[in-house]
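What follows is each chain in one-letter form.
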Amino acid sequence: MRVTAEKKRETRRRIVEGARNLFNDKGFEQTTTRDIAEAAGIAAGTMFNYFPTKEALAMTIVDEALQEAGTEFEGRLRGDETLDEALFAHVAVGLRHLAPHRNYVGEVLETALSPFAREPVCEQAQEFRVSHLETVQELIASHGPPTIRTPSVMTMHLYWTLYLGVLSFWAADESPNREDTLVVLDESMRLFVGSLSPESENGREVTDVVDVTQNR
Amino acid sequence: MSSMSPRIAELIDALPVEPDEAVAPNAAFQGLLQELSHKQVPIGRLNRLWVLGTLQAKIAAAYFAWWLRGGYASADKRQRTLNETHLKAALKLLGGMSYLRGAIMKAGQIMATHPDVAPEQFADVLGHLHFEAPPMHFSLLREFVRSELGGDPEDVFDQFETRAFAAASLGQVHRARLKGTDQLVAIKVQYPNIGRTIRDDFRNLLALLTPMRLSGDWDNLKAQFEDIRHMLDLETDYEQEAENLRIARSAFTEDDGIVVPRVFPEVSTRRVLTMEYVGGLHLEKFLSTDPSQELRDQFGHKICVSVLRVQYSKKFVYADPQPGNYLFMPDGRLGFIDFGSCHFQSDEDIECLADAERAYLGSSPEAVRKTYVRGGDLTPKQAADDTRLKMYGQWADWAWEPVVHEGPFDFGDRDYFRRGASLYGELIRRRYMRSRPSNTWLIKCIYGLRAMLAHLKARVDLGAIFREENTVSHGQDA
Ligand SMILES: Nc1ncnc2c1ncn2[C@@H]1O[C@H](COP(=O)(O)OP(=O)(O)OP(=O)(O)O)[C@@H](O)[C@H]1O
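First to last, the protein sequences are chains A and B. The numbering of the first sequence is my numbering, which starts it at 41 and goes up by one. The numbering of the second sequence is my numbering, which starts it at 41 and goes up by one.
In short, the hints are calculated from the structure, not lab data. Just so you know, not all the hints are guaranteed correct.
What the hints assert, rightly or not - Non-contacting residues of chain A with respect to chain B, defined by C-beta distances greater than 12 Å in every case (computed):
#1 Gly81
#2 Ala126
#3 His141
#4 Gly146
#5 Ala157
#6 Pro186
#7 Val193
#8 Thr221
What the hints assert, rightly or not - One side of the interface only, derived from the structure: several residues of chain A facing chain B at Cβ under 7 Å:
#9 Glu112
#10 Ala132
#11 Leu204
#12 Leu207
#13 Phe209
#14 Ala212
#15 Glu214
#16 Asn217
#17 Glu219
For clarity, every value in this text was computed on a predicted model and none was experimentally measured. Just so it is clear, CB atoms sit at the ideal spot from N, CA and C, and this is done for glycine as well.
If we strip away everything but chain A, and leave its shape as in the complex, we get (with noise of 0.2 Å):
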């Protein structure tokens, strides 16, 4: 019994690295379970028992990627932050942990949290998406403004929104460093923020960060 499951690990990390190189080479799109299966050395119906699609696969690889990020994320909370930069820096960070990853990602992203989709593409997706908005609805009640706590569904909506719209930027990004992925989640996490209540409309104020006063 014991060995079973241990070999259904190693099975199981074995499809994941075999899947990840795939990915990383061919792209999601032109990757077949087939050649996965291969990859991993199994027959290709033992691979629906471990991944029952391609897109459950490669969620599983950015949940991985995710999870490590929210660890390092967790760890660097320094608690005061405003609610804008905490949002900065959850997503800023995974970012930087999805970036190995970046080549394919994006096609992957595109398939299994589409806005179109009407129901949920694959578990993993699902509890993906859930996940990071009950993150995001945690910072909004202890970063965010006192009248808001517990931001209505319209709210949870346009966060997303902007999410998938930071992450596609991202994906296709060709600047230096992709920095305009800096300038885009800092403006979109703002423009979320100042929807949120009206006072604080335009985000943080200048002086929360600088001390105008050293200069000129």
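Dock chain B with the ligand against chain A, hints included.
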């Protein structure tokens, strides 16, 4: 609003316009204001601030529009209509340049309250092109520094302060210690992508203004505009600034008491500049400590040496001697910090200037006249314009006054500065500012230096410093 309107009307009346347009400048101005206030926020970039939202900014924009219109007032109707379309687009573009918000508002404010001195100060504001990047919170800064320096700021440096201690025009400045040392450093970090944004915007602005076929000195202005663009390129490149700092630093010895911060290239890039931290006060704060006349004179002396030294020994025109770029250190030394906007003189520039200096000091009117024609890059027609040459003469007299003066010159003399300011304004009003691009920087330098010293109310023997530092024309002349 009502109290400023008449003065603005005066300002507009004073602008050069054709008779048919001059009938109702005030009405036209009001119309433009109205139109501006109904303009929509441009959609270009996500969440860009609409810069022309405030009244001050609208006044500045209206002034800009009037100034441009003055340049094509005599064009035919078709061309004028076309120009109006371009003008509208240019204003729209300007409205999206959020990093110019402060500069534009300041210009408008000055014009709203002092239309009589407005033109020169307006040009001054635009001349400094003071940008304002949006502030960065630490998480953004960290991601950016990480991609620039290959590690988190907390790891690359010791005691990295998460809050910026000063704003820079394209970003912000943080304090830290060099890893494993006691060396305090100032780390200037550019807002991501701002350099490219500014360059693109200015390229577009020029593209809109070019087909307007403005009359008069437009070609020369365009050349100067190109020069400003070139300057922007330099200013957005911290590697260039680091190189300038290195050169400037080598011009001073410990005895000079002038500190140009050392650069640490191993932790610097094009967008991150790490330098030795210079602890000191800016001019305003320094003055608020009520310093003695003696101390002010000593600092004034150092400021003059700083500018002339880099000019004559390193071929730099320090175009920006303004309060933000000097730090008054508690031990009496002067921190000389910002080398983002330095103009390198070509051999021809230097020769041209040396000729002018020799001619002026040799007091031969004919030789002086020749240097105006050459330095001003004048057409034969312009060279025959006596009023123009007379004004150049007055400006030169003003600029030279402290140099030819025997002994220390009192820069705090309000009358001296006021004369210069009104001359400068008059030159701009008459559109006499045409000149070799290098002169533009020189004029900014001369004017900026005197403005600084006036503020400091310092008495400085500029003649003696000039004779000491100017090895180019003076050496041969003495
Ligand atoms: N080496 C330094 N030591 C101490 N303070 C510094 C140093 N460099 C910069 N600063 C501080 O940061 C401010 C902005 O720096 P700097 O003038 O170099 O930036 P800038 O982008 O060129 O801004 P501006 O165009 O407004 O002058 C300075 O006025 C000063 O207060």
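Quick rundown of the hints versus the structure:
| no. | hint | result |
| --- | --- | --- |
| 1 | Gly81 | holds (38 Å) |
| 2 | Ala126 | violated (8 Å) |
| 3 | His141 | holds (17 Å) |
| 4 | Gly146 | holds (19 Å) |
| 5 | Ala157 | holds (25 Å) |
| 6 | Pro186 | holds (20 Å) |
| 7 | Val193 | holds (23 Å) |
| 8 | Thr221 | violated (9 Å) |
| 9 | Glu112 | violated (11 Å) |
| 10 | Ala132 | holds (5 Å) |
| 11 | Leu204 | violated (14 Å) |
| 12 | Leu207 | violated (15 Å) |
| 13 | Phe209 | violated (10 Å) |
| 14 | Ala212 | violated (15 Å) |
| 15 | Glu214 | violated (12 Å) |
| 16 | Asn217 | holds (4 Å) |
| 17 | Glu219 | holds (4 Å) |
The structure fails hints 2, 8, 9, 11, 12, 13, 14, 15 (numbered hints given earlier, in ascending order).
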